[in-house]
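With the hints as constraints, model all of the structure from the sequences given.
The listed protein sequences derive, respectively, from chains A and B. Counting from 839, one number per residue, gives the positions in the first sequence under my numbering. Counting from 40, one number per residue, gives the positions in the second sequence under my numbering.
It is worth saying that the hints were derived from the structure and are not from the lab. Note that the Cβ used here is the ideal one computed from N, Cα and C, for glycine as well. A hint or two may mislead.
Label pairs and their in silico Cβ distance ranges [as the list claims (entries may be wrong)]:
{"no.": "1", "chain 1": "A", "residue 1": "LEU894", "chain 2": "B", "residue 2": "ILE51", "range": "41 to 49 Å"}
{"no.": "2", "chain 1": "B", "residue 1": "THR56", "chain 2": "A", "residue 2": "GLY900", "range": "41 to 49 Å"}
{"no.": "3", "chain 1": "B", "residue 1": "GLN63", "chain 2": "A", "residue 2": "GLY900", "range": "26 to 34 Å"}
{"no.": "4", "chain 1": "B", "residue 1": "GLY79", "chain 2": "A", "residue 2": "GLN883", "range": "35 to 43 Å"}
{"no.": "5", "chain 1": "B", "residue 1": "LYS104", "chain 2": "A", "residue 2": "SER946", "range": "27 to 35 Å"}
{"no.": "6", "chain 1": "B", "residue 1": "SER98", "chain 2": "A", "residue 2": "GLY854", "range": "38 to 46 Å"}
{"no.": "7", "chain 1": "B", "residue 1": "SER120", "chain 2": "A", "residue 2": "PRO951", "range": "44 to 52 Å"}
{"no.": "8", "chain 1": "B", "residue 1": "VAL42", "chain 2": "A", "residue 2": "ASN879", "range": "17 to 25 Å"}
{"no.": "9", "chain 1": "B", "residue 1": "SER120", "chain 2": "A", "residue 2": "LYS896", "range": "42 to 50 Å"}
{"no.": "10", "chain 1": "B", "residue 1": "GLN138", "chain 2": "A", "residue 2": "GLN883", "range": "40 to 48 Å"}
{"no.": "11", "chain 1": "A", "residue 1": "THR943", "chain 2": "B", "residue 2": "PRO148", "range": "29 to 37 Å"}
{"no.": "12", "chain 1": "B", "residue 1": "THR155", "chain 2": "A", "residue 2": "GLU909", "range": "43 to 51 Å"}
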Amino acid sequence: AQSVTQLDSHVSVSEGTPVLLRCNYSSSYSPSLFWYVQHPNKGLQLLLKYTSAATLVKGINGFEAEFKKSETSFHLTKPSAHMSDAAEYFCVVIGAAGNQFYFGTGTSLTVIP
Amino acid sequence: SAVISQKPSRDICQRGTSLTIQCQVDSQVTMMFWYRQQPGQSLTLIATANQGSEATYESGFVIDKFPISRPNLTFSTLTVSNMSPEDSSIYLCSVAFGQGATYEQYFGPGTRLTVT
Numbered sequence: 839a840q841s842v843t844q845l846d847s848h849v850s851v852s853e854g855t856p857v858l859l860r861c862n863y864s865s866s867y868s869p870s871l872f873w874y875v876q877h878p879n880k881g882l883q884l885l886l887k888y889t890s891a892a893t894l895v896k897g898i899n900g901f902e903a904e905f906k907k908s909e910t911s912f913h914l915t916k917p918s919a920h921m922s923d924a925a926e927y928f929c930v931v932i933g934a935a936g937n938q939f940y941f942g943t944g945t946s947l948t949v950i951p
Numbered sequence: 040s041a042v043i044s045q046k047p048s049r050d051i052c053q054r055g056t057s058l059t060i061q062c063q064v065d066s067q068v069t070m071m072f073w074y075r076q077q078p079g080q081s082l083t084l085i086a087t088a089n090q091g092s093e094a095t096y097e098s099g100f101v102i103d104k105f106p107i108s109r110p111n112l113t114f115s116t117l118t119v120s121n122m123s124p125e126d127s128s129i130y131l132c133s134v135a136f137g138q139g140a141t142y143e144q145y146f147g148p149g150t151r152l153t154v155t
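Next comes the structure, spelled out in structure tokens:
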């Protein structure tokens, strides 16, 4: 079965410093992976996705993620955190049927001024 | 992409009653999904609701508790039946486009349900 594990439930960074949100996946085949962001009391927004093309994926708002098969990881990074980045981030993998999403447990990002 | 609306946006309901949540999409989509997000937790897939077929439920979710309708390609409803406080959650619908490398899901704003 496909699954993702988000290694940190909470991450706190200072404004202007790098962000690293970690995600490991488990899949019996080459997976499609996504990162979504959920701001307080708002809907989910797609940040970026990996679908077996380039291993380094660039998303919106300066975020990017690198697919590393050898490490079964898909960590989300941003060079410089902004206050508006404070939100909940979810790593997502597609199930074997090819259309069902399975969410990680989420990482809450706090940005300190 | 798609614009997805849900009604109601929130509700407070009494134990033992039922609530029907509506999901409206601004374009025709084949694949639609319903999720639950319990307080402080991640999203869990309840069921897949494709037009023209019965909804497919994930392990732990049953049709008697969460009946789903999908009358056309732009609309679906999820009913939470015989509610208990444990059903207090945010319920989200999503729609999917594309396949393979182009596959993406878009989410509605959610319905925040509190059961007292």
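Taking the hints in turn, this is what the structure says about them:
1. LEU894/A to ILE51/B: 41 to 49 Å: 46 Å, holds
2. THR56/B to GLY900/A: 41 to 49 Å: 46 Å, holds
3. GLN63/B to GLY900/A: 26 to 34 Å: Distance hint for GLN63/B, GLY900/A holds at roughly 33 Å.
4. GLY79/B to GLN883/A: 35 to 43 Å: Violated, at about 19 Å.
5. LYS104/B to SER946/A: 27 to 35 Å: Taking Cβ atoms as reference, LYS104/B and SER946/A lie about 30 Å apart, which means the hint holds.
6. SER98/B to GLY854/A: 38 to 46 Å: The hint (38 to 46 Å, Cβ to Cβ) holds, given that SER98/B and GLY854/A are roughly 44 Å apart.
7. SER120/B to PRO951/A: 44 to 52 Å: 46 Å, holds
8. VAL42/B to ASN879/A: 17 to 25 Å: Because 18 Å falls inside the window, the suggested range holds.
9. SER120/B to LYS896/A: 42 to 50 Å: Once the Cβ atoms are compared, 44 Å apart, the range 42 to 50 Å for LYS896/A and SER120/B holds.
10. GLN138/B to GLN883/A: 40 to 48 Å: 21 Å Cβ-Cβ, so the 40 to 48 Å window is violated.
11. THR943/A to PRO148/B: 29 to 37 Å: 22 Å, violated
12. THR155/B to GLU909/A: 43 to 51 Å: The hinted range 43 to 51 Å holds for THR155/B and GLU909/A, with Cβ atoms some 46 Å apart.
Checked against the numbered hints given earlier, this structure breaks hints 4, 10, 11; the rest are met.
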